[in-house]
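Trainee: Next come the chains, spelled out residue by residue.
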Amino acid sequence: MSDPTDSAVLTDGGITSEDEVQQDYERHEGTKSGTRSMVLNMGPQHPSTHGVLRLLLELDGETILKAAPDIGYLHTGIEKEFEVKTYQQGVTLTDRIDYLAPLSNNLVYCLAAEKLLDLEIPPLAQWTRVMLAEFTRLNSHLVWLGTHAIDIGAMSVFLYCFREREEILRVFEMFSGQRMMTSYFRIGGLALPHPRGWQKRVKDFVEIFASRVDEYEELLTNNRIWTGRTKGIGYIPLEDMIDLGVTGPMLRAAGLKIDIRKDAPYSSYEKFDFEVPTRTENDVFARYMVRIDEMRQSLRIIKQALEGMPSGSHQADAPGIVLPDREKMKTQMESLIFHFKIVTEGFRVPEGEVYQAIESPRGEVGCYMVSDGTQKPYRVHWRGPSFGNLQAIPKMIEGTLIADVIAGLGSMDFVLGDTDR
Amino acid sequence: MIPEDLRTNPLAAAFDDLATTAKFAFDELTVEIAPAHIVAALSRAKHDLKFERLSTVTCVDRYPAEPRFEIVYHLQAIAAGQRLRLKARIPGEDPAIESVFSVYRSANWYEREVFDLFGIRFLNHPDLTRIMMPDDWVGHPLRKDVPVTGTRY
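Residue numbers (this note's numbering), protein chains in the order written: chain C, 1 to 421; chain U, 1 to 153.
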């Protein structure tokens, strides 16, 4: 049994003499107070890391000297799972990657497969995809605003945002039967035709939402505590952001007018009239304002989709790929055979590779699909926007305070499902 | 050497001396670069051809064909709105390729992910450690010879 007064046991190799004090000081030269820096583990379980992100912070007092993000806690091998499922089955996997924007994920996957199959999607399906993708953007931004605000201390905003989100989830439920993991966009169009009465629900939402966004602004934009915590915080130079792989609202808040919906329109976005909001201050407050304005623009798109929704089929004309109408399947032999083959075997996709990118609420989400001519993809790589955005974390928070880390992480709006897949 | 039919494509022609082949399909240009020239090719893309953004670095395992691994780089030129795919094929036996971190800093985590899940070593990478799997994991899960149910239990 060792002597409890033995200094080697108690202090575990700590400082026990004047020489060691001097050596220790020299080792940590650079810290202001001449004492050791502390490594703080902002662990994977933390309400403000918005998911299971682990940040190792080397601190001098409250100032961050070095930061190292550690990810992988939500890695579930989704990319490998794509390889053992047919293309249509893979749609259900995509919901779960970025779980706050499931329809965006569905959309990019379906667009990639449709590019390989060279399918023409009917206008009704395209306009519905646009409308629901914008609802998804609202959904994601509302969660972002609620959690970002509550991290900084504004608790009522969280409840206000989730009140609106309830309405959006009800719209999703009406269309697809699911609040979150909708899998509503399928290769070839939509899973189901439009539900009866959807116009009324969307119209009711559209009528109240504009004033609700004004309410959030009323609580935050001119609030001295909010502006004090967010203005001037979280600056990353624009060239560094581009070089480090950041995309999305963070670039727009730094002045770069980049938005895939405008630059390379997909799914008939070119027919919609909307703006891409930008700011120049490149801080947490600017990113907040950009996303608030994006919510208003999304509302504008939804209004246009509601008023101008075309009529027609919700699926492409491709009998071997899209499932036949249910009634036909029960009465006609050919439809039954098609249904059986599509569901059990899946359809073959021509050999080739595509990279399809769309503008998700977080930035550029990309699906790199490699096909070998069989019914299952050979390789699907998911380019999650949060993976690129997180690389910029050390650049953003080194040299700032812990409180600014919380504000900065919130402004980045990452989701670990997207990052780790 | 890029194929005859693509010599008129200025983007493909810019890589003529470094490329082994190229193809244009589904509206996308893919240029295959010899692995030894990958840093030079990406450098040319970034500085001369103005492809400022590296979207992603990934890998496709073509087991059992040789060369086994295809390292795929997706680039984007923001102002021109163009995208480009560069590929390098490396053999399955002790796969290694030069890291492109010196050209694009965003390659950092993407190359770590490829190392972690496929086992490709990136030479001169600042911090080549596992990123998704736990640090003490043995094996490279996304390779084709690893079953989807895993090797652990």
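In case anyone wonders, no lab produced these hints; they're calculated from the structure. Backbone N, C-alpha and C fix where the C-beta goes; we use that ideal spot for every residue, glycine too. Check each hint, because a few of them may be wrong.
As the list claims (entries may be wrong) - Keeping only pairs whose Cα atoms sit at most 25 Å apart, straight-line, the calculated SDA-like set for lysine to any residue is:
no.: 1; chain 1: C; residue 1: K257; chain 2: U; residue 2: Q82
no.: 2; chain 1: U; residue 1: K144; chain 2: C; residue 2: Y378
no.: 3; chain 1: C; residue 1: K85; chain 2: U; residue 2: T151
no.: 4; chain 1: C; residue 1: K376; chain 2: U; residue 2: V60
no.: 5; chain 1: C; residue 1: K271; chain 2: U; residue 2: A79
no.: 6; chain 1: C; residue 1: K376; chain 2: C; residue 2: Q89
no.: 7; chain 1: C; residue 1: K262; chain 2: C; residue 2: D60
no.: 8; chain 1: C; residue 1: K303; chain 2: C; residue 2: R201
no.: 9; chain 1: C; residue 1: K85; chain 2: U; residue 2: P64
no.: 10; chain 1: U; residue 1: K23; chain 2: C; residue 2: R348
no.: 11; chain 1: C; residue 1: K376; chain 2: U; residue 2: K23
no.: 12; chain 1: U; residue 1: K50; chain 2: U; residue 2: A40
no.: 13; chain 1: C; residue 1: K115; chain 2: U; residue 2: T30
no.: 14; chain 1: C; residue 1: K257; chain 2: U; residue 2: V60
no.: 15; chain 1: C; residue 1: K231; chain 2: C; residue 2: K85
no.: 16; chain 1: C; residue 1: K66; chain 2: U; residue 2: T151
Stated by the list, open to error - Where chain C lies over chain U, by a calculated footprint (3+ residues, C-beta under 8 Å):
no.: 17; segment: 10 to 19
no.: 18; segment: 47 to 55
Trainee: Flag every earlier hint the structure violates by its number, smallest first.
Mentor: 7, 14, 15, 16 and 17
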